[in-house]
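There are 2 protein chains.
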Amino acid sequence: MIKLVAMYKTPSDIEMFEKHYFEKHMPLVEKIPGLLKSEVSKLKILPGTESEYYMMTEMYYEDMDSFNAAMATPEGKASARDIVNFAKDRVDFFIGKIK
Amino acid sequence: MIKLVAMYKTPSDIEMFEKHYFEKHMPLVEKIPGLLKSEVSKLKILPGTESEYYMMTEMYYEDMDSFNAAMATPEGKASARDIVNFAKDRVDFFIGKIK
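Residue numbers (our numbering), protein chains in the order written: chain A, -16 to 82; chain B, -16 to 82.
Check the hints yourself; a few may be wrong.
Within a straight-line C-alpha distance of at most 27 Å, the following computed DSS-like cross-link-like pairs (lysine-lysine) qualify [claimed, not checked]:
| # | chain 1 | residue 1 | chain 2 | residue 2 |
| --- | --- | --- | --- | --- |
| 1 | A | Lys2 | B | Lys60 |
| 2 | A | Lys7 | B | Lys82 |
| 3 | A | Lys(-8) | A | Lys2 |
| 4 | B | Lys27 | A | Lys82 |
| 5 | B | Lys25 | A | Lys25 |
| 6 | B | Lys71 | A | Lys25 |
| 7 | B | Lys25 | A | Lys2 |
| 8 | A | Lys14 | B | Lys71 |
Just so you know, these hints were derived from the structure itself, not from any lab.
For reference, chain A alone in the conformation it holds in the complex:
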């Protein structure tokens, strides 16, 4: 199994970000074919950590082929296109390969 990990930096307007994220963005994500599960976590940075991250979302897929196919669907593209509406330049993405 693999996962797409989105790490969001603290937004300038948290209320607006969260409204968009939970009311608009996650419903788009949840429609993506092949998505097995997702997990959203609000982050608290522990002492000693230098980071701007405040939220993390993990989106699980069977494998990279399944993920790439998902991203090429209209639902995958709609979700990707929506990111600039709430997190332009404020999100880092990773592919996580689960050991």
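Following the hints, complete the assembly by docking chain B onto the known chain A.
Okay, now just chain B, sitting in the frame of chain A:
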């Protein structure tokens, strides 16, 4: 449920890091009372992301009380003490509150 998220930066000696991590550190982590599950992911950074992270481990606990109690046990302390042996100054920690 909450999770401790450890984000590891690329080590100078990957082979030595992984040997220590999987043979010494994870066995210590798995002994911690109250740990519900853990997930280790090797990370691949997607284009546009500026980051040094190469591995992430998530350790799940029932709640913050359970996590704090776990960290105060001999097993929790042994695991925390071991971090300097393989990832000194090369790991960031977050507490994730799952939505």
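Hint-by-hint comparison with the structure:
Distance hint between Lys2 (chain A) and Lys60 (chain B) is unfulfilled; the C-alpha atoms sit about 40 Å from each other, more than 27 Å. Of the supplied pair hints, the one linking Lys7 (chain A) and Lys82 (chain B) holds, its CA atoms being roughly 16 Å apart against a limit of 27 Å. Pair hint Lys(-8) (chain A) plus Lys2 (chain A) holds up; C-alpha atoms about 16 Å apart against a cutoff of 27 Å. For the suggested pair Lys27 (chain B) and Lys82 (chain A), the alpha carbons sit about 13 Å apart, so the restraint of at most 27 Å is met.
Of the pairs offered as hints, the one joining Lys25 (chain B) and Lys25 (chain A) holds, with about 21 Å between alpha carbons and a cut-off of 27 Å not exceeded. Restraint check for Lys71 (chain B) and Lys25 (chain A): satisfied, since their Cα atoms lie roughly 25 Å apart, inside the 27 Å limit. For the hint linking Lys25 (chain B) to Lys2 (chain A), the alpha-carbon distance of about 31 Å lies beyond 27 Å, and the restraint is violated. The straight-line distance between the Cα atoms of Lys14 (chain A) and Lys71 (chain B) is roughly 41 Å, outside the 27 Å bound, and the hint therefore fails.
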